[in-house]
Amino acid sequence: MKSVIFRFFKMIVGFCFCALGIVMMINANLGLSPWDVLHEGIYNLTGITMGKASIIIGVIVVIIDIVLGENLGWGTIINMILVGVLMDILMLNNLVPIANNFIPGLIMMLVGMFFMGIGCVLYLGSGFGSGPRDGMMVAIQKRTGKSLTLIR
-6 MKSVIFRFFK MIVGFCFCAL GIVMMINANL GLSPWDVLHE GIYNLTGITM GKASIIIGVI
54 VVIIDIVLGE NLGWGTIINM ILVGVLMDIL MLNNLVPIAN NFIPGLIMML VGMFFMGIGC
114 VLYLGSGFGS GPRDGMMVAI QKRTGKSLTL IR
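So for the sequence shown, the numbering used here puts the first residue at -6; every next one is plus one.
Fair warning: there could be bad hints in the mix.
[Unchecked claim] Ranges between beta-carbon positions, derived for each pair:
| # | residue 1 | residue 2 | range |
| --- | --- | --- | --- |
| 1 | Val6 | Thr137 | 30 to 38 Å |
| 2 | Asn86 | Leu61 | 16 to 24 Å |
| 3 | Asn64 | Phe95 | 38 to 46 Å |
| 4 | Pro97 | Ile41 | 24 to 32 Å |
| 5 | Gly120 | Val78 | 31 to 39 Å |
| 6 | Leu61 | Leu85 | 31 to 39 Å |
| 7 | Pro90 | Gly138 | 43 to 51 Å |
| 8 | Leu65 | Ile144 | 33 to 41 Å |
| 9 | Arg145 | Ile74 | 34 to 42 Å |
| 10 | Leu38 | Leu65 | 36 to 44 Å |
| 11 | Phe2 | Gly24 | 17 to 25 Å |
| 12 | Lys139 | Lys(-5) | 16 to 24 Å |
| 13 | Asn93 | Ser140 | 37 to 45 Å |
| 14 | Phe2 | Phe107 | 17 to 25 Å |
These are calculated hints, taken from the structure and not from any lab test. The model shown is predicted, which means the values in this text are computed figures rather than measured ones. We put the beta carbon where it would ideally sit given N, CA and C, even for glycine.
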């Protein structure tokens, strides 16, 4: 039981690092990841927050995962919701500064990438399942037999 509680805590901390990393990379003002371009596009078209857009896309991707036969874990579902909620908390309360110059933006981008990496190691290492987008990548790889590098 203690192991499950520790692993769950590790997963939640990982999601916190992921959300912080994503917001830092967004606020670095040096460009967005492909998924965040999609989230920002939804935000620009509808006015919903980036976090809510992330959750909506997460739900769609989970449906695709299910159709492709990918196994979902609790981590998949919690990731889909919690990362978006945490992104909104950080962004709507201005808890992460917005870079206005290249050097501070570059530093924020690199630190954000580092936090994202730590977050992924923690949540994937907890063993509760991959995130919706990672699950879709693996499912497509299994279906096509192509390398993960190509699928990504």
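Hints, one by one, checked against the model:
no. : hint                         : verdict
1   : Val6 - Thr137: 30 to 38 Å    : holds, 34 Å
2   : Asn86 - Leu61: 16 to 24 Å    : violated, 37 Å
3   : Asn64 - Phe95: 38 to 46 Å    : holds, 43 Å
4   : Pro97 - Ile41: 24 to 32 Å    : holds, 28 Å
5   : Gly120 - Val78: 31 to 39 Å   : violated, 22 Å
6   : Leu61 - Leu85: 31 to 39 Å    : holds, 34 Å
7   : Pro90 - Gly138: 43 to 51 Å   : holds, 45 Å
8   : Leu65 - Ile144: 33 to 41 Å   : violated, 19 Å
9   : Arg145 - Ile74: 34 to 42 Å   : violated, 24 Å
10  : Leu38 - Leu65: 36 to 44 Å    : violated, 28 Å
11  : Phe2 - Gly24: 17 to 25 Å     : violated, 33 Å
12  : Lys139 - Lys(-5): 16 to 24 Å : violated, 41 Å
13  : Asn93 - Ser140: 37 to 45 Å   : holds, 40 Å
14  : Phe2 - Phe107: 17 to 25 Å    : holds, 21 Å
Consistency note: the structure conflicts with the earlier hints numbered 2, 5, 8, 9, 10, 11, 12.
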